[in-house]
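Novice: Given chain A, work out where chain B should sit, using these hints.
Next come the chains, spelled out residue by residue.
There are 2 protein chains.
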Amino acid sequence: MTKGKKSNSGRYAYEGLDRVIHEKARLGIITSLSTHPEGLLFNDLKELCTLTDGNLSRHLQILTEAGLVEVWKGFKNNRPQTLCRLTTEGKRRFLDYVAVLESVVADAMTPVAETSPKLGLST
Amino acid sequence: MTKGKKSNSGRYAYEGLDRVIHEKARLGIITSLSTHPEGLLFNDLKELCTLTDGNLSRHLQILTEAGLVEVWKGFKNNRPQTLCRLTTEGKRRFLDYVAVLESVVADAMTPVAETSPKLGLST
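Line order of the protein sequences matches chains A and B. Under the numbering used here, the first residue of the first sequence is numbered 1, with each subsequent residue one higher. Under the numbering used here, the first residue of the second sequence is numbered 1001, with each subsequent residue one higher.
Same shape as in the complex, but just chain A (with noise of 0.2 angstroms):
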């Protein structure tokens, strides 16, 4: 189809932007966990990331299936609370999606037009 641009098929594609963390909601909940190692309470996290009750426990249930995050039960004053932290994979493979999104800033940082498409536009 195109020619000669072979070697920058696929630039743009960022495979490495691994969906399950890429979303916008679970992107501020895993980012809050890794800023936290010793892990967040239910209601903390809740609040740092502005989400509804259900919302926070539906993205945690992604995340765990995921293997990205763990969930305990445990108790605070007496009170039933939750504490989520990431999981060793979690923190492995959140480093691995910055990087990718490290890239994604380099890229836009730095505009090259090796393509000029000089065409006939009618306009």
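Hints in this document: simulated from the structure, not taken from any laboratory. Heads up, a few of these hints could be off.
[Claimed, not checked] In silico lysine-lysine, BS3-like type, Cα no more than 27 angstroms apart, as pairs: (1) B:LYS1024 to B:LYS1091; (2) A:LYS91 to B:LYS1024; (3) B:LYS1091 to A:LYS24; (4) B:LYS1046 to B:LYS1073; (5) A:LYS24 to B:LYS1046; (6) B:LYS1024 to B:LYS1046; (7) B:LYS1073 to A:LYS46; (8) A:LYS24 to B:LYS1024.
[Unchecked claim] Partial pick of chain B residues on the chain A-facing surface, computed with a CB cut under 8 angstroms: (9) SER1009; (10) GLY1010; (11) ALA1013; (12) VAL1020; (13) LYS1024; (14) THR1031; (15) GLU1047; (16) THR1052; (17) ASN1055; (18) VAL1100; (19) LEU1101; (20) GLU1102; (21) VAL1104; (22) ASP1107; (23) ALA1108.
Backbone N, C-alpha and C fix where the C-beta goes; we use that ideal spot for every residue, glycine too.
Specialist: Chain B only, in chain A's frame:
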């Protein structure tokens, strides 16, 4: 609900992560267009982002309806071609988006355990 954390409320909500731009395929499309100010031909864009005709068309429609991308019909070597490029509004909103992306990367790089929930876990 939570006590004394008002200032951090929504800290990881990342409201600026505009979902029109954030979706993985569209992020690739917009980043590649941002690096090619002259615009890209449909087929080149398709290859750079590893998308099918149908997928690229669908995402371009969403992006044009949002006012971020403009699509031009024209001819090159007597063959009909489609040229895609960012609008001024698209460039502006992408820069805003990238600024938020940079803050996500910065957040991910600076773990701060200001919240250490000392739980009595019921293992």
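Novice: Next step is simple, just say for each hint if it's right about the structure.
Specialist: Structure-based check of all given hints:
1. For the suggested pair B:LYS1024 and B:LYS1091, the alpha carbons sit about 18 angstroms apart, so the restraint of at most 27 angstroms is met.
2. A C-alpha spacing of about 21 angstroms is found between A:LYS91 and B:LYS1024, which places the hinted pair at or below 27 angstroms, so the restraint holds.
3. Proposed proximity of B:LYS1091 and A:LYS24 is supported: the alpha carbons are some 21 angstroms apart, at most 27 angstroms.
4. Only pairs whose Cα atoms come within 27 angstroms are accepted, and B:LYS1046 paired with B:LYS1073 is accepted, the gap being roughly 16 angstroms.
5. Note on A:LYS24 and B:LYS1046: the hinted pairing holds, with a Cα-Cα distance of about 24 angstroms set against a maximum of 27 angstroms.
6. This hinted pair checks out: B:LYS1024 and B:LYS1046 have alpha carbons roughly 14 angstroms apart, not beyond 27 angstroms.
7. The hinted pair formed by B:LYS1073 and A:LYS46 fails the criterion: a straight-line CA distance of about 47 angstroms is larger than 27 angstroms.
8. The suggested pairing of A:LYS24 with B:LYS1024 holds, with an alpha-carbon distance near 11 angstroms, which does not exceed 27 angstroms.
9. Hint on B:SER1009 holds. Least Cβ distance to chain A is approximately 5 angstroms, under the 8 angstroms limit.
10. Contact between B:GLY1010 and chain A, as hinted, is supported at the beta carbon level, the nearest pair being about 4 angstroms apart and thus within 8 angstroms.
11. The beta carbon of B:ALA1013 is positioned within 8 angstroms of a beta carbon in chain A (closest approach about 4 angstroms), and the interface hint is therefore held.
12. With 8 angstroms as the threshold, the beta carbon of B:VAL1020 stays out of range of chain A, its nearest partner Cβ sitting at about 11 angstroms, so the hint is violated.
13. The interface hint given for B:LYS1024 is met, as the beta carbon of that residue sits about 5 angstroms from the closest beta carbon of chain A, less than 8 angstroms.
14. A hinted interface residue such as B:THR1031 counts as satisfied when its beta carbon comes closer than 8 angstroms to some beta carbon of chain A; here the least separation is about 5 angstroms, so the hint holds.
15. For B:GLU1047, the interface hint holds, the least distance from its beta-carbon to any beta-carbon of chain A being 5 angstroms, beneath 8 angstroms.
16. With a cut of 8 angstroms, the hint placing B:THR1052 at the interface with chain A is violated, because the nearest CB-to-CB distance is about 12 angstroms.
17. Nearest Cβ of chain A to the Cβ of B:ASN1055: about 11 angstroms, over the 8 angstroms cut. The hint is violated.
18. Of the supplied interface hints, the one on B:VAL1100 is violated, with its beta-carbon coming no nearer than about 10 angstroms to a beta-carbon of chain A, more than 8 angstroms.
19. Hint status for B:LEU1101: holds, given a least beta-carbon distance of 6 angstroms to chain A, under 8 angstroms.
20. The beta carbon of B:GLU1102 comes within 6 angstroms of a beta carbon in chain A, closer than 8 angstroms, and the hint placing it at the interface holds.
21. Contact between B:VAL1104 and chain A, as hinted, is supported at the beta carbon level, the nearest pair being about 6 angstroms apart and thus within 8 angstroms.
22. Interface restraint check: B:ASP1107 against chain A, minimum CB-CB distance 5 angstroms, threshold 8 angstroms, status holds.
23. Because the beta carbon of B:ALA1108 sits about 5 angstroms from the nearest beta carbon in chain A, less than 8 angstroms, this interface hint is met.
In summary, the structure is inconsistent with hints 7, 12, 16, 17 and 18 from the numbered list given earlier, while agreeing with the others.
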